[in-house]
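Visitor: Let the hints inform the model, and build the full structure from the sequences given.
Chains as they are written, first to last, in the working numbering: chain A, 1 to 289; chain B, 1 to 289.
Any given hint might turn out to be false.
Chain copies aren't distinguished; within one or between two, either way the pair holds.
[Stated by the list, open to error] The calculated lysine-lysine pairs, modelled on BS3-like cross-linking and capped at a C-alpha distance of 27 Å, are:
#1 LYS174 <-> LYS140
#2 LYS66 <-> LYS240
#3 LYS146 <-> LYS251
#4 LYS135 <-> LYS174
#5 LYS135 <-> LYS240
#6 LYS251 <-> LYS66
#7 LYS66 <-> LYS174
#8 LYS251 <-> LYS174
#9 LYS132 <-> LYS179
#10 LYS132 <-> LYS251
#11 LYS239 <-> LYS200
#12 LYS174 <-> LYS232
#13 LYS132 <-> LYS66
Honestly, the hints are just simulated from the structure, not real lab data.
Predicted, not measured: the structure shown is a model, and the values here were computed from it.
2 protein chains.
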Amino acid sequence: MAKTGSNAPIGVFDSGVGGLTVAREIMRQLPEERMVYFGDTARLPYGTKSQNTVIRFSRQIVRFLKTKEVKAIVIACNTATACALEEIQKEQELPVIGVIDAAARVAGDVTENNRIGVVGTTATIGSGMYEKALKQYNEKAQVYGKACPLLVSLAEEGWLHDTITEEVVSRYLKDLQYKSIDTLILGCTHYPLLRSTFRKVAGENVTLVNPAYEVAMELRSLLQERALSCDKDVEQAGKKYEFFVSDAAEKFCELANSILPYDIETVQQINIEDFETEDFREETTCKKM
Amino acid sequence: MAKTGSNAPIGVFDSGVGGLTVAREIMRQLPEERMVYFGDTARLPYGTKSQNTVIRFSRQIVRFLKTKEVKAIVIACNTATACALEEIQKEQELPVIGVIDAAARVAGDVTENNRIGVVGTTATIGSGMYEKALKQYNEKAQVYGKACPLLVSLAEEGWLHDTITEEVVSRYLKDLQYKSIDTLILGCTHYPLLRSTFRKVAGENVTLVNPAYEVAMELRSLLQERALSCDKDVEQAGKKYEFFVSDAAEKFCELANSILPYDIETVQQINIEDFETEDFREETTCKKM
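Guide: Laid out in structure tokens, this is it:
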């Protein structure tokens with residue numbers, strides 16, 4: 001594969017719109033970088049799906065992003081990071097980072113009582129990846145995970161500041177509060193949209209960690225280390241930001257324009273299944289329980 | 001294509017587990033019939049996706065079901081019925097029915113004040129297909145649709161009899177109640193699981209119509225008319241009920257076993273994308289709004 005230059009775009013992908021909270025942070029913190037974003041809106045959400053399926057979808061997306069000659073890939077989805085990052089990193093030469101590692105490092109660092117809560121999708125929490133990462137940075141960390149499957153729907157319904165959402169968050173956080181956590185990782189890219197509700201329910205004494213913010217910081221360091229930062233003085237060819245989705249572009253735009261600091265001009269729909277790789281395909285059976 | 005005999009199975013499909021409320025009714029009302037069920041668990045839900053995507057997914061599934069030599073197909077998903085039934089019927093020789101028509105006929109018949117509410121996914125309500133069908137059976141019908149995107153997640157979270165669910169249903173039904181509806185179609189296959197909450201919120205004076213029940217009745221008539229009913233005296237070859245999914249079988253089993261009157265023995269995972277048909281593929285762009 002031809003070496004991709006430092007003026008190439010960064011590839012960012014997510015199961016849908018949630019990853020735009022990561023794209024937003026990259027735009028803020030690395031304003032000179034170009035970006036190609038893919039949202040797998042035809043197959044979202046990933047959070048309720050199995051690891052093998054999420055790996056297969058992620059491989060297809062990586063294959064697509066590589067046709068755009070990206071210089072690095074950010075998996076802007078906690079579920080895909082939890083399920084597929086290790087596999088993708090093994091398979092790819094270009095740098096690939098996910099949203100879990102940087103957030104775990106920060107959380108492991110800021111906690112004072114070493115009691116850390118993680119909220120996320122069923123798949124993210126079930127994977128135990130946050131706990132694994134946290135233990136690397138803070139071996140004393142006690143990690144308490146809680147799957148919150150309703151919160152993505154509530155965020156997408158637009159009930160961001162709402163008594164029902166507050167009640168749902170309260171119920172989900174109850175277990176974690178009994179554990180006296182002092183740090184809470186918002187381990188799903190939709191959750192920063194519900195930040196004020198988390199703040200209200202969790203109280204002022206709990207530090208909220210936003211992986212979207214942390215991964216943008218990590219990306220900046222990574223690009224600097226590998227001499228891949230964009231050359232500000234070179235005239236850029238092509239669009240600065242490109243957006244691709246697997247379902248209808250219009251629907252994506254609506255939500256996207258409420259998350260990003262500017263309105264997206266064009267979104268292209270592609271058939272992501274065309275980027276199928278030769279995967280291990282297994283027929284599984286579920287024996288009578 | 002070889003003519004499929006009356007002892008062939010019925011093909012039933014849904015985006016996931018919701019269609020099992022339809023499968024359950026078919027098992028009850030047509031206990032002698034064999035069935036092949038497919039749940040598209042890798043790509044669920046359909047309710048937030050665009051019509052073209054739902055048509056493409058439905059075509060792949062029909063192609064798969066035909067490899068099982070089904071004698072008829074039931075689209076056990078309101079969204080897929082709303083978005084894809086007409087297309088599929090045009091393309092197929094074998095009988096294909098959906099969940100909307102029978103429910104609309106019954107609702108159009110039982111209403112006394114001709115004010116009918118429909119609750120369903122964003123895609124189902126947005127399609128206007130219930131209204132179209134209702135007008136065919138009752139031209140005086142005033143139809144009020146309400147998309148309830150949170151209810152599938154609440155049902156799958158298992159919060160079936162819950163104050164939060166009651167509050168969400170109350171909020172969704174408020175608009176319909178102002179319209180003085182006397183009949184309410186539960187236009188999503190998950191909603192019968194929330195029937196008691198709907199009953200409580202809507203009150204005793206509103207007739208609830210369950211499309212799962214009505215489509216099983218319609219299927220029975222259809223099979224009789226076309227002389228396709230199973231011959232009770234013939235020894236059946238093969239399994240009575242077969243279940244296929246596109247994501248991990250285990251996850252499907254858990255929910256399935258809480259919906260069906262017996263525990264599923266085996267579920268097979270297949271790669272539904274292998275059944276891709278030669279579709280019209282379009283790149284769409286979303287112009288700046």
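Visitor: Could you tell me which of the numbered hints above are not met by this structure, giving the numbers in increasing order?
Guide: Numbers 5, 7, 11, 12 and 13 - these are the hints that the structure violates, sorted from lowest upward.
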